[in-house]
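Peer 1: Please model the complete structure; the sequences and the hints are all you need to start from.
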Amino acid sequence: MLAIQYKAAQSLDEAVTLLATTAGARALAGGHTLLLEPTRSQLGAATLVDLGKIQGLNDIGFTRTGALRIGAMTTIAALADNADIQRDLPALAEAASQVGDPQVRNWATLGGSLADNDPESDLTAVLLALDAQLHLQGPNGTRAVAADQFITGPRQTALTQGELITDVRIPIVGGGSAYEKFKHPATLYALCGVAAHVSLIDGKVGACRVAVTGATEYATRLTGVEAALAGQEPTAEAIAAASEAASGLAFRGDPFGSPEYRAHLTRVLVQRAVTRAVERAR
Amino acid sequence: MANLLAGPMIGAPIKRREDPELLHGQAKFTADLTLPGMLHLAVLHSPHAHAVIKSIDTSAAEKMPGVVRVFTGKDVVDKMMRLPVIWKPAGVESHFPPHPYGLPGAQTALATDRARYVGEWLAIVAAETREQAYAALPAIQVEYELLPVVVDAEEAMKAGAPQLHAEAPNNLCTHFPIGDKAAAEQSVAEAEVVVKQKISIPRQVHNAVETRASIGRFDPESGEYTLWTNTQIPAGNHYMIASLVLGVPYNKVRVIAPHIGGAYGSKGYLYPDAPLVLVLSRELGGRPVKWVDTREGLFRTTVHARGQTHYATIAGSHDGKISAFMSTNYASLGAYSSHNGPGAPTALTGRSMTGAYAIPHPFYECYLTYTNTNFVGPARGAGRFESNLVIERMIDLFAREIGMDPAEVRRKNFVQTFPYDNGLGWNYDSGNYAGALDRALAMVGYDEIPQRKAEARQRGKRLGVGLASYVTVAGVGPSPRMGREGLIGSTWGNTVLRVHQTGDVTLITGSQPHGQSHVTTFSQIVAQELGVDPERIEVIHSDTKGVPYAQGSYGSRTYSVEGASIYEAAQRIKEKARLIGAHLMEVAVEDVEFVEGKARVKGSPEKAMALPDIAVMAWFAWNLPQGMEPGLEVTTYWDPADFNFPFGTHIAVVEVDEQTGQVDLVRYVSVDDVGNVGNAMVVEGQMHGSIAFGIGPALMETESYTPDGQLVANSLREYAIPRASMMPHFELDRTVTPTPLNALGAKGAGDVSQPAPAPAILNAVVDALADLGVRHIDNPVTSEKVWRILQSAPHGKGQ
Chain A
286 MLAIQYKAAQ SLDEAVTLLA TTAGARALAG GHTLLLEPTR SQLGAATLVD
336 LGKIQGLNDI GFTRTGALRI GAMTTIAALA DNADIQRDLP ALAEAASQVG
386 DPQVRNWATL GGSLADNDPE SDLTAVLLAL DAQLHLQGPN GTRAVAADQF
436 ITGPRQTALT QGELITDVRI PIVGGGSAYE KFKHPATLYA LCGVAAHVSL
486 IDGKVGACRV AVTGATEYAT RLTGVEAALA GQEPTAEAIA AASEAASGLA
536 FRGDPFGSPE YRAHLTRVLV QRAVTRAVER AR
Chain B
631 MANLLAGPMI GAPIKRREDP ELLHGQAKFT ADLTLPGMLH LAVLHSPHAH
681 AVIKSIDTSA AEKMPGVVRV FTGKDVVDKM MRLPVIWKPA GVESHFPPHP
731 YGLPGAQTAL ATDRARYVGE WLAIVAAETR EQAYAALPAI QVEYELLPVV
781 VDAEEAMKAG APQLHAEAPN NLCTHFPIGD KAAAEQSVAE AEVVVKQKIS
831 IPRQVHNAVE TRASIGRFDP ESGEYTLWTN TQIPAGNHYM IASLVLGVPY
881 NKVRVIAPHI GGAYGSKGYL YPDAPLVLVL SRELGGRPVK WVDTREGLFR
931 TTVHARGQTH YATIAGSHDG KISAFMSTNY ASLGAYSSHN GPGAPTALTG
981 RSMTGAYAIP HPFYECYLTY TNTNFVGPAR GAGRFESNLV IERMIDLFAR
1031 EIGMDPAEVR RKNFVQTFPY DNGLGWNYDS GNYAGALDRA LAMVGYDEIP
1081 QRKAEARQRG KRLGVGLASY VTVAGVGPSP RMGREGLIGS TWGNTVLRVH
1131 QTGDVTLITG SQPHGQSHVT TFSQIVAQEL GVDPERIEVI HSDTKGVPYA
1181 QGSYGSRTYS VEGASIYEAA QRIKEKARLI GAHLMEVAVE DVEFVEGKAR
1231 VKGSPEKAMA LPDIAVMAWF AWNLPQGMEP GLEVTTYWDP ADFNFPFGTH
1281 IAVVEVDEQT GQVDLVRYVS VDDVGNVGNA MVVEGQMHGS IAFGIGPALM
1331 ETESYTPDGQ LVANSLREYA IPRASMMPHF ELDRTVTPTP LNALGAKGAG
1381 DVSQPAPAPA ILNAVVDALA DLGVRHIDNP VTSEKVWRIL QSAPHGKGQ
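Protein chains in written order, with the numbering used here: chain A, 286 to 567; chain B, 631 to 1429.
Since the hints were derived computationally from the structure, they do not count as laboratory data. No experiment lies behind these values; they were computed from the predicted model shown. Mixed in with the good hints, there may be bad ones.
As the list claims (entries may be wrong) - Here are the simulated lysine to any residue pairs, SDA-like style, with alpha carbons at most 20 Å apart:
#1 Lys1415(B) to Leu473(A)
#2 Lys1415(B) to Thr472(A)
#3 Lys1415(B) to Pro544(A)
#4 Lys1415(B) to Phe541(A)
To be verified - Label-pair restraints from in silico Cβ distances:
#5 Val389(A) to Ala819(B): 54 to 60 Å
#6 Gln1088(B) to Phe347(A): 38 to 44 Å
#7 Phe347(A) to Gln1340(B): 50 to 56 Å
#8 Gly892(B) to Thr302(A): 40 to 46 Å
To be verified - Residues from chain B shown here face chain A by an in silico Cβ test under 8 Å; the list is partial:
#9 Gln1289
#10 Thr1290
#11 Glu1348
#12 Tyr1349
#13 Thr1412
Built from N, CA and C at the ideal position, the CB exists for glycine as well.
Peer 2: Following this line, the structure appears as structure tokens:
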């Protein structure tokens, strides 16, 4: 029998305690993935700890060091609509505006999406490309983890039992960013999504981060592409040549896109995302 | 409320009376209903496509918390008959498992000794809660012996294929040929130009938002069975359940269809759950039982649609005239027939095969087979989606072959004179096919397409334009004709129309609404004819206790058949009101007319009696004309003389991304002709729905089976349906060619344009890729399919 309990945490400390001490406890942060699970009998006797009532988890603002701090319970719609994000982190705004549909964007949250780490999530690739830091709080206190270290595998993250994402901090370092998405026709997740951030120094690529989602087993940096672009003048030819460095990965397949097709889409979207990021960096 | 005197109510685009209840979340669907003492059911599906069921052990499951009983096929096999098939293809030999009454048979509600498709029902748990019922399923132990599997309709006929039914050698249900094969073959042999193409149309899953659901209650005191189920055909379910499945008196069964969350044809059947919940309630001493399907269950056991493979030939001359069209179609019924399974691939597809064109020598044949798959049955655009996809693709292939514009080939071959016998069994009532084509071409700016193609190329896009004309049989239908076609049943329309002594009106319709706006449009007919405010008209439907035996909603029949019966009922009310009015005013009958809700003396409009005043006198019956019955109520049964044939032309404009192969539908123009309409806004909504229901199979929807009989798509994560965000603004217009077949001049509108979008989109994509030598792409045209074509194109042409 499915016996699902519901508890609305009033503070982060309470949520952490509940999650750490209640058997089968799961954090509810939008619920679009979590609440699909009972039909698949995966939840069993779960206790859902709703994070939606906790104050201060959905603020967006700059830190003293100039990073943008985004509360974990910020909805995807709020990310898409935020003027600071649109101006300074256009890749994030672009990705957020293409998540699911309006109803999904109004309920789903940044933290929920990252903790879920769906292999086709839009936001994971963007946070990798933007070098985001995730701030976590758990039974053993708080810590910060880089996006690169947070994502550890398909649907696997660095989160430990009872640990929550409290906020995400993204450095504002100039340059330009862009997100390109090819929608999965069934799920509207990314069949393939590529996020790029490029800084230019004297017209040549300086710092550069490119990440893919949907096409590979889980969101990952395309370090080969980054290396191929570094120091280059970002001409169409150079960008196209660099995109070839994305070819060696292990790609996923399903009836909507074979591994071969996803590999191709990755190359195309790398070119498109990098090209637009460069335009914004100029 | 619209001013009744300001203009006609019939056709006016007034807002739906049905909407407030739905928008406020007040409407009750089957799953919303709870009866005292109700138990919940969960079904164990066969995980294997073909297996002997050696044993089923339910003892562990019956000990699970909350479980009351677990039923298997053996528990119910002698308590209910095999489900019937009520469509036996006319004029040909056919093979079905036998129903006890000598009818063709479908499946038993629960399998007894053999499972023939994945999802077939093996056992059913009754428990205190839904969760307890589902939790008990894994505890049922089934021992299987696996059998070889066949999933392809054509393979099923070959020697050595696994056999599904002893009654159907080579898995063949029927071979259904129509037209003069020899004449068609000779015409092909003599033709200047012959084009052949294999066209495979995969299965489509209807995917209504609401899955199927049933609640059954047996009352041991009265012996009455009451069924709540989301069916498009409550009366049909009532008749079949009472007479052909349970074998109980007709008047001991009652069927109620609550609100329905979408059907698209998928709920126009007799499914096993409907009689089964009644039997189970009886076996459980009268405790009501409720079954609500899951999405996975829907994919496995609610009818699929389409699933046809055509080998088509079109022949003609270089001047663009087509002389012959032939198609051989291989289609599967599934493991058993659904209750009307043979209808779509035989009559509906076959007789519609030549579309809007006057083709002197048509021929069609269908091999209908059993395979280890779920049933196939009609979906929105039933049978005609398939025929129109084939003919409209073949017209384009022929145009390409002779180097003529596809619009010109269509114009040259359109049926011009009416009525027109198409040589395959349809008699087109009226039309102006070139009128709709020309309007659509003007709307899309057909002459400017080459310019737009060049401009799109600058953006890395290949622009393509595709036409699809259509003629869709609608207004099902003339009952004698349907009987000859093989339907065991009737298809007329019926109405009870009652004007109460207050002037309020009750309209009882045999039709069953599930989104078609019966309440609104039917009220409009009565409002106009009787001069009554629509808000004072109550429309009763969907409960067989009180609604006479009737049909349901399917086959674009409602407005042009049921509506015509309502119109006829209103005329009879008007006539009786006129006679009573003349009598009471002491005026000669011939001097009185019924207009604007009054019996009025001709030439003296001030001398009149309003309908409520007449109605009260009709019911009180103090002073009626000699021999007249009291009351102001009529019952009409209206059987159309023939089907009606709406038509139109749709144009799709697509852009293909040269790098990714993605197809974007950038413009969609449709010009439809459904004759006179009941409510222009409702008809526009139906056209939107039909287009959306065609975009799906054109670009993304597909279901298939692995060789071992497993479904490829089991959920909406694996099955794509089009979203509003994927559709352009639809540019709609209508021409109006009233049918002579009913007093409203109305033709069907519900699903009539659904057969146009898929061929229009396919033709557009092929047009976009034509310079690469692409002739045909089967639906759905996915991005990867197009990308592979672009990849394989000769160097330089693809970029």
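Peer 1: If a hint holds in the structure, say so; if it doesn't, say that too.
Peer 2: Comparing the hints with the structure gives:
{"no.": "1", "hint": "Lys1415(B) to Leu473(A)", "verdict": "19 Å, holds"}
{"no.": "2", "hint": "Lys1415(B) to Thr472(A)", "verdict": "19 Å, holds"}
{"no.": "3", "hint": "Lys1415(B) to Pro544(A)", "verdict": "14 Å, holds"}
{"no.": "4", "hint": "Lys1415(B) to Phe541(A)", "verdict": "10 Å, holds"}
{"no.": "5", "hint": "Val389(A) to Ala819(B): 54 to 60 Å", "verdict": "59 Å, holds"}
{"no.": "6", "hint": "Gln1088(B) to Phe347(A): 38 to 44 Å", "verdict": "42 Å, holds"}
{"no.": "7", "hint": "Phe347(A) to Gln1340(B): 50 to 56 Å", "verdict": "53 Å, holds"}
{"no.": "8", "hint": "Gly892(B) to Thr302(A): 40 to 46 Å", "verdict": "45 Å, holds"}
{"no.": "9", "hint": "Gln1289", "verdict": "5 Å, holds"}
{"no.": "10", "hint": "Thr1290", "verdict": "6 Å, holds"}
{"no.": "11", "hint": "Glu1348", "verdict": "6 Å, holds"}
{"no.": "12", "hint": "Tyr1349", "verdict": "6 Å, holds"}
{"no.": "13", "hint": "Thr1412", "verdict": "7 Å, holds"}
Going down the numbered hints, you'll see the structure goes against none, and every one checks out.
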